[in-house]
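K.L.:
Relying on the hints, combine the two individually framed chains into one complex.
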Amino acid sequence: MENLFIAATATSPEIDFHFDENVLSLRGESYPENAAAFYAPIIERLNVWLNACENVAITVEVTLTYFNSSSTKMLFSVFDALDRAASSGNRVQVNWYRDEEDETILEFGEELQTDFTAIKFNDCPVAT
Amino acid sequence: MSGILDQNCCFFEIAQKRNLLFYHKGYFSHSIVAAMSEVVKLQLEVAGLSTSTRRRIFSSFIELSQNIVHYSCDALAEDQGQGGAIREGAMCISAEGERHLMVCVNPVATAAVGALREKLEPLRNMSIEEIKQAYKMSLRADTPPDSKGAGLGFLTMARDASAPLEFAFHPREGDTDTTLFCLKTII
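Line by line, the protein sequences are chains A and B. All the letters of the first sequence, read from the start, carry residue numbers 1 to 128 under our numbering. All the letters of the second sequence, read from the start, carry residue numbers 1001 to 1187 under our numbering.
Okay, chain B solo, but in the shape it has when bound (with noise of 0.2 Å):
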């Protein structure tokens, strides 16, 4: 008994120290992100936040799994699947004193770094109004061809943010056709 503690003890105290709400790192699919927003909704419940700060939490949540079952490249063969994707990556969010840190990891293909490093950094230096404008735009644009979305799914989770969203691309060893994308969103 005292091995099996002593193997896991340290991820359970880094997960208390880090005030950790939910974590998640594997598959996801649209039933699996379905069941994951039962579990989130309830530890914000639990914890006490406010109305508005629940919603934007949620919504991130949302935007965050679901580009993830969209386009992650990392997938399940197809005929694994119920007909939905389902593909890999990992969510994060803990909270640091009155803020909420969601973080969320997925290889992308380094083809499309270039084009998510063009939607995301222009973000980094709009004021709220900027954003809530863009947003504007957006809701009344044509959908993007490559978006399987409505495109407005950064922006939402700009204007959710109480910070300029963060993002990194990491190289993958081994795989140069793939590259870890991270974003990071404060609430």
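For reference, chain A alone in the conformation it holds in the complex (with noise of 0.2 Å):
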């Protein structure tokens, strides 16, 4: 499946899905005029490719550094995609960066590894 790019613009992320190395990686900001309209194409694309993975290590490298209220909804759907897939013979990691002072982040990951148990969750605070 051939890899999946989007480049970053000043109100959504840059999307960098190598599906070829089994790393995906979402860095910098996110609040496009549409939310679901920025995010839906993307899932499916992901869940075509985790559907075809088997017994695979798959690293998720996670750099957002904002994400408004709509986009939050839709990360949600983004991790419960990947804890389908890690609680059908895949391994997940993902690495959560963020600002060791950003509690907002914090708080929004200790969410995700609530709801999403299948995935190896590794917080990774920055200094600034």
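The hints are simulated quantities; they were obtained by calculation from the structure and are not laboratory data. Treat the hints with care, since some could be wrong.
Stated by the list, open to error - With a Cα cut of at most 25 Å, we get these calculated SDA-like pairs of lysine to any residue: (1) B/Lys-1136 - A/Asn-34; (2) B/Lys-1132 - A/Asn-90; (3) B/Lys-1136 - A/Phe-108; (4) B/Lys-1136 - A/Leu-4; (5) B/Lys-1136 - A/Ser-77; (6) B/Lys-1132 - A/Ala-57.
P.N.:
If you want it as structure tokens, here you go:
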């Protein structure tokens, strides 16, 4: 399957899904005009790829410095898809990079861990 | 020259006295919000606020201004826009001692006032723990059909605020179909 790359804009993150290397990255800020329209095709591509994954070690690098409320909801769906893949025989490790002083991003990370227990979650506070 | 100064100094004086960080009245579109974000970020950086305070002000700024883009009922005619929504409103950010006041005003359909009140009123009596709990539930719930976002916006603002959200509705002269909606958050 072809890799997925979407360049960052001021209001949407860079999406860099190296399906060939099993490494998925999301980087930047997320407050697009329509979060559902931005994330729906990404989640669709992700699901197609995940459905074909068997016994794969997947690494997800997340460096999101800000996301608005509607992006938060869509990100929850991204992690839901990853969790299902982890429950069906794949190993998913999420590296969650955040400003060490950013409690909101820490708390959202904790929320994800509560719901998506099949994912190995690695909190990575970064000093600024 | 002095005429120009006389007419405008009153506005600048008030802005200075009230520690105005940001003010915009007029059209809001997604690209206008993106440009304003640059201004707000820079202002907050220069003001030397903590990461956490900056984060909460910026988050509330985005939620408030995207509310105007999506829900204000004063829209520019469709054909004038580049496909995206352009709607009218006003946004003000000012500092009062350690606190930051953010006030947003935009017209809404008078018929929508009841629904807005029902969403906002309960938040005023909730503790921060209850707000976080409601936020977690809303995060996992299906998106309401009338919402363009996640229905999480008000809860996000309430979570970031250091006092209950304040809101008011003002009837508009000569236009009973629309009502001015005023929303205020303190960070």
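K.L.:
Against the structure shown, which of the earlier numbered hints fail to hold, in ascending order?
P.N.:
Violated: hints 2, 4, 6.
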